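J.: Sequence:
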Amino acid sequence: MKLVIAEKPSVAKSIAGVIGADEKKDGYLEGNGYLVSWCVGHLVEPAAPEGYSERFRKWRHETLPIIPEEWKYEVKPEVRAQFIILKKLLNRTDVDKTINACDAGREGELIFRLVCEAAGCRKPMERLWISSMEENAVREGFAHLKPGSDYDCLYRAALCRQRADWLVGINGTRLFTVLYGGRTLKVGRVQTPTLAMIVEREEEVACFRKETYYTAQIRCGALEAATKRIDDKNTAEKEAEACLNGQALVRLVVKEEKSIKPPKLYDLTTLQREANRLYGYSAKQTLEYLQSLYEKKLATYPRTDSRYLSDDMGQTAGEVIEAVQKCFLSEGDILPGPDVGRVLDSKKVSDHHAIIPTVQIAHTDLKALPEGEYKVLSLIANRLLCATGRTHLYQSAKAELSCGEEIFYVSGREVTQNGWKTFEEMLKGGSRKPSGETDEEEKKLPALEEGQRLAVTGAEVLEHFTKPPARYTEDTLLAAMERAGDEEMVDDVERKGIGTPATRAEVIEKLVKDGFVRREKKLLIPTEEGKKLIMVLPDMLKSAKLTADWENALSRVAKGELDSADFMADIRMLVSALVDECQEADEEKKQVFAADRQVLGKCPHCGGQIVKGKFGAYCENKCGMNVSRVMGAVLTDAQIKDLLAGKKILLKGLKGKGGKPYDAYITPDGTERYTYTKDGQEKSGVQFTVIMEFPKKKPSGRKENR
1281 MKLVIAEKPS VAKSIAGVIG ADEKKDGYLE GNGYLVSWCV GHLVEPAAPE
1331 GYSERFRKWR HETLPIIPEE WKYEVKPEVR AQFIILKKLL NRTDVDKTIN
1381 ACDAGREGEL IFRLVCEAAG CRKPMERLWI SSMEENAVRE GFAHLKPGSD
1431 YDCLYRAALC RQRADWLVGI NGTRLFTVLY GGRTLKVGRV QTPTLAMIVE
1481 REEEVACFRK ETYYTAQIRC GALEAATKRI DDKNTAEKEA EACLNGQALV
1531 RLVVKEEKSI KPPKLYDLTT LQREANRLYG YSAKQTLEYL QSLYEKKLAT
1581 YPRTDSRYLS DDMGQTAGEV IEAVQKCFLS EGDILPGPDV GRVLDSKKVS
1631 DHHAIIPTVQ IAHTDLKALP EGEYKVLSLI ANRLLCATGR THLYQSAKAE
1681 LSCGEEIFYV SGREVTQNGW KTFEEMLKGG SRKPSGETDE EEKKLPALEE
1731 GQRLAVTGAE VLEHFTKPPA RYTEDTLLAA MERAGDEEMV DDVERKGIGT
1781 PATRAEVIEK LVKDGFVRRE KKLLIPTEEG KKLIMVLPDM LKSAKLTADW
1831 ENALSRVAKG ELDSADFMAD IRMLVSALVD ECQEADEEKK QVFAADRQVL
1881 GKCPHCGGQI VKGKFGAYCE NKCGMNVSRV MGAVLTDAQI KDLLAGKKIL
1931 LKGLKGKGGK PYDAYITPDG TERYTYTKDG QEKSGVQFTV IMEFPKKKPS
1981 GRKENR
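Each number in the working numbering comes from the position in the sequence shown (counting from 1) with 1280 added on.
Check before you lean on any hint, since a few could be wrong.
[Unchecked claim] As a list, the in silico DMTMM-like pairs of lysine to aspartate or glutamate whose alpha-carbon atoms are at most 20 Å apart: (1) K1403 to D1430; (2) K1466 to E1864; (3) K1282 to E1349; (4) K1293 to E1420; (5) K1426 to E1704; (6) K1678 to E1729; (7) K1377 to D1430; (8) K1544 to E1517; (9) K1790 to E1808; (10) K1606 to D1645; (11) K1627 to E1841; (12) K1544 to E1483; (13) K1822 to E1841.
Rather than coming from a laboratory, the hints here were simulated on the basis of the structure.
All figures in this text were calculated on a predicted structure; none of them were measured in a lab.
Generate the whole structure from the sequences, applying the supplied hints.
T.: As structure tokens, this is what we get:
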């Protein structure tokens, strides 16, 4: 019996349908010699620091850096039930082989291997590596399963990524939270340099000072020409007045035949950028839409950084183009002779080829798709037509005119072959542009000859303003993340940029969720908390170049070119150096956070400060002291202050055993540790011990009958 484990239930069910495992069981499917089950994302994750030692439960500088000698892992409580099913299946005596059918990438490899490790399974392993969920692709994949050992280096790279994120995140977050307090200051290997880029851009916008400048413009019939920048308005007005009702001499005419090659196919990042620019979708939304299309067998694997197809996909690409034409074009819009060869290049395909639709679209009611999925599918279908379309050809014309003592410039173009831009125009406008309608920059210049004189029929001065740097949108931020470190890297490095196509959307979402960045329509703007965090962090954590170096190193680990132990040694060295260099908070910077911090009192358990946070009061030392509730009652800030000062408070509406409410006076009398179990996981903390008194009953005021 072979056990197939997929990453998601929907993928597992699709695979099971292809290989004949159609008998439903509890948490898996069975049939035709196969068991097919699934993970639910990451079932197993690195243990929290307190899982190594109780002394790590409190956030203290003296316990840093936390660098495990032997790494521990734990099952996520919310998915424990599915892990138990997988563990039983992995250890069944009739299962002689496992097949990793998790997503074909670094994280999919990690998810599967950690489950096997946690379940104690050492059985032979094979790898299903596919780029499409179409039945033919799944059958082909099962016919050519790879030995699991072929992906050992990929697994080591995944472990390095996960452990590096843990070391930098845990130590950096605890270090700067302890030093500056006020709220949890989350630090991340990719998240922090990304935030630094957003903050730096915001500072550029804030420091920008608008400048006014002018151009003089003349009209010679339908022709309009303008000077270059003139800083003085009076000078511009004099130039315009000198030309009015005069003549302009054509000094120079330059004509060139130019071309624009078709764009490349989409990888995930370029698709996310385009969907954000055209439709305002976040990177996360686009990935979710594309993932759904992949699982519906309508698009190929999403998490790719390749923009080409492999050399053996020529016939497949041709069939997909026919399906796209059938589904998205009318007969009159179909152009002859798509150049499939232009998108084929195996040397430029990494783990997966570029994103394209599948032939399944021809057999699907696409109008029944949700709007977001349909738009994303339309984008990748249109890009396939553009990428295999003919070159766009045009004639560029530039002219210089002299009038008075100034030179005026004008340019235009005439399209001689629209080529692939025909499809681009269909996407943007829904149809071709009406005959004779052109963009401003595409206006054709009238026939001009050097030495020709033209009558000036009008002249004016135009006022212009310099523009500030544009704030980041997800489109431009994704591009910046992809390019980060480019200038300082040699051309032949394995991978440039920070993050990966699969993780960049998640990084942006975390920055928003953690309150360091906010969205304003398409714009990404740092919050005050985000600015403060970047202000106090050292350059080593904010460096996009350093993070880009790590990404390149991880890629080399995946290819077996770099020992994973060497990579992790560098990470451990950096974390240790970070803690050594940051022994004390900068007092001036500390005041920035102190201004927002409301101190309620001193922690009765560890002596730290109890401060008011976004989700209630807490101890800055993270010692586990619960000051927000007593006997199930939620305390006000005033009540917390009184208890911390040792004062008696009155709690109203406490519930007795029978559910009957009552009031009581509470006086603090030390602390005690408590434990309880939730979802199979033991929870613990510290709470007040109290002395309880009941209010004296008031006389009823009724007279006694005599």
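J.: Determine for every hint whether it applies to the structure shown.
T.: Hints, verified against the model:
1. About 16 Å separates the Cα atoms of K1403 and D1430, which keeps this hinted pair within 20 Å; it holds.
2. Straight-line distance between C-alpha atoms of K1466 and E1864 comes to about 18 Å, which keeps the hinted pair within the 20 Å bound.
3. Our distance criterion of 20 Å between C-alpha atoms is broken by K1282 and E1349, whose separation comes to about 35 Å.
4. Using a Cα cut-off of 20 Å, the hinted pair K1293 and E1420 holds, with the two alpha carbons roughly 17 Å apart.
5. This hinted pair does not check out: K1426 and E1704 have alpha carbons roughly 40 Å apart, beyond 20 Å.
6. Distance check on the hinted pair: K1678 and E1729 sit about 11 Å apart at the alpha-carbon level, within 20 Å; holds.
7. Distance check on the hinted pair: K1377 and D1430 sit about 16 Å apart at the alpha-carbon level, within 20 Å; holds.
8. The hinted pair formed by K1544 and E1517 fails the criterion: a straight-line CA distance of about 47 Å is larger than 20 Å.
9. This hinted pair checks out: K1790 and E1808 have alpha carbons roughly 16 Å apart, not beyond 20 Å.
10. Restraint check: the Cα-Cα separation between K1606 and D1645 comes to about 12 Å, which is no more than 20 Å; the hinted pair holds.
11. Taken as a hint, the K1627 and E1841 pair is honoured in the structure, with Cα atoms around 18 Å apart against an allowance of 20 Å.
12. About 34 Å separates the Cα atoms of K1544 and E1483, which puts this hinted pair outside 20 Å; it is violated.
13. Distance check on the hinted pair: K1822 and E1841 sit about 27 Å apart at the alpha-carbon level, beyond 20 Å; violated.
Comparing the model with each numbered hint stated earlier shows that hints 3, 5, 8, 12 and 13 do not hold.
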